[in-house]
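Visitor: Please put together the full structure from these sequences, using the hints given.
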Amino acid sequence: MTITESAVSTAGISLRGLTKSFGAVHAVDGVDLVVAPGETVALLGPNGAGKSTTIDMILGLNKPDSGDVRVFGMTPEQAVQRGAIGAMLQTGELIRDLTVRELLAMMASLYPNPARVDDVVDVTGIADIVERRTNKLSGGQTQRVRAAIALISNPDLLVLDEPTVAMDVEGRHLFWNSVRRIAASGKTILFATHYLEEADTYADRIVLMARGRIVADGPATEIKATVGLRTIRATLPGVDTDSLLMLDGVKTAERRGEAIVLHCSDSDAAIRALLPAYPAASDIEIAGAGLEQAFLMLTGDRDGAEVTTEELS
Amino acid sequence: MNLVYLRYELLRTVRNRRFFIFSLAFPLVFFYLIASPNKGQELGGIPFVTYYLAGMASFGTMMAMISTGGRISAERQAGWNRQLRLTPLTPRQYFRAKVATGYLMAAITLALLFVAGLTLGVHLEVGRVVQMAGLVAVGLIPFAALGIFVGHMFHPDSLGPVLGGGVSILAFLGGAWSPVGGTHGFMHDVSLATPTYWLVQAGHVLVGEQAWTGTGWLVIGSWTAVLAVLAARAYQRDTKRV
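Protein chains in written order, with the working numbering: chain A, 1 to 313; chain B, 1001 to 1242.
In case anyone wonders, no lab produced these hints; they're calculated from the structure.
Some hints here could point you the wrong way.
Okay, the calculated beta carbon distance ranges per label pair [what the hints assert, rightly or not]:
| hint | chain 1 | residue 1 | chain 2 | residue 2 | range |
| --- | --- | --- | --- | --- | --- |
| 1 | B | Gln-1077 | A | Ser-243 | 54 to 64 Å |
| 2 | A | Arg-180 | B | His-1155 | 30 to 40 Å |
| 3 | A | Arg-180 | B | Val-1004 | 23 to 33 Å |
| 4 | B | Arg-1092 | A | Gly-38 | 30 to 40 Å |
| 5 | B | Gly-1134 | A | Gly-186 | 53 to 63 Å |
| 6 | B | Glu-1125 | A | Arg-116 | 48 to 58 Å |
Among chain A residues calculated to face chain B with C-beta under 10 Å, some are [what the hints assert, rightly or not]:
| hint | residue |
| --- | --- |
| 7 | Leu-59 |
| 8 | Ile-85 |
| 9 | Arg-96 |
The beta carbon of each residue, even a glycine, is placed where N, CA and C say it ideally should be.
Guide: Put into structure tokens, the structure is as follows:
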């Protein structure tokens, strides 16, 4: 991919040839990415894919070994100085002994053109807890306050690193509603997640990362079709995989003893084709393929299971 | 100077009740426990209570200053340090706010000890009190840097032993508990080279001893210079996920 100079200066985020290693581990291994202003982009990938390391470099918390990072044409440091970046890091608690309102006022005082505390409180839906001490909040409430902190500089770019990991279903719902409102106000949003549903529902575009590289990049619907595979398992002896591959909607077929495993781009079509052709099939299970499996297929990586090792620190 | 930021940083310190009350109570309790049974006694022609007040003032303010390290370490563990890196907060502003909280705690410690001294009948001369407080304030500067340094170097789990051990050694060598090495010799020289010694000396201004010699200013200045560089470096490096 080539990126022109004008694209860099007008882009919300521009990453060129980004690499970062920790010892022998290539956490980020040649990432090129351009995010347009106003876009909401999901960085999707399993743990250890390099999402957090990429985000740390966008935020200036980590220096790339090579490559270039620009945020609205500025270096991360310049962008931070201007309050152009707001971020909710993957891990982090709030400092204690202040009310939510006081903490927001404290953070606002650091920026040249901060947002109004009340506006940020509204958009993140924390009006009911704004007078509460930060050490008396639930996990979901804490996350929403952290989102409010990310917005207090009135940033043009909002970066969220797996923001809903610690939240329950209700908390997730409230949180993403806030993000929708923020996106509607024209801000550029980049969020990392390992949930395909989140990426699909809330992003305009999905960037798929595995092993420090971008393996797919496109509109959410397109990526979902690629990785949103389902698996059909059935007990079916004596049928060779080549014939199974002929069935509609089947992308790959495997034999495991008596059982067969079919990875399907369209499991509905596949099951309709499978049953009339092989009535002997029994113990049928249809399951959504995990992201890890999807990556395996995408990258054709036989030992792709290593991708699931813990996020690099 | 960002007064809003500073105000909340101070407010936060005062509101942390367990920390606040415990750090202030410790020197007070110690003072009462040891000074009141010895009320009326003298130590080298100086009332014991006064002498002990001076010693406790040095030790208590030193602890107040260094305890900044504990709060920094806890904030780092909460990931707050990384959050602050995403703001335009300068290292200077950051240090200033941290040092200010240390001085606030030290000032309250000192004030409470003076009041405690008065309840045990210590006669305080305003001139000496002012001179002592001024010297103590200067003598605390290296400890402010030390607190920030260890706060950024150590995890809360290991900070306890590091601070406890480090402070005890410094306090012992500096003669905070009892004079070390007499008036001559190697141990005396070692003692003179610690910042604690001069902090204790600052306290002793209260009991009529002389203020710092040139050596005192040199020792405090050198420790300040070295520790400030170490603290700044530790802060700058400290962007990792803890």
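Visitor: It remains to establish, for every hint, whether it holds in the given structure.
Guide: Checked hints:
no.: 1; hint: B:Gln-1077 x A:Ser-243: 54 to 64 Å; verdict: holds, 59 Å
no.: 2; hint: A:Arg-180 x B:His-1155: 30 to 40 Å; verdict: holds, 39 Å
no.: 3; hint: A:Arg-180 x B:Val-1004: 23 to 33 Å; verdict: holds, 31 Å
no.: 4; hint: B:Arg-1092 x A:Gly-38: 30 to 40 Å; verdict: holds, 36 Å
no.: 5; hint: B:Gly-1134 x A:Gly-186: 53 to 63 Å; verdict: holds, 56 Å
no.: 6; hint: B:Glu-1125 x A:Arg-116: 48 to 58 Å; verdict: holds, 53 Å
no.: 7; hint: Leu-59; verdict: holds, 6 Å
no.: 8; hint: Ile-85; verdict: holds, 7 Å
no.: 9; hint: Arg-96; verdict: holds, 7 Å
Comparing the model with each earlier hint shows no violations; every hint is respected.
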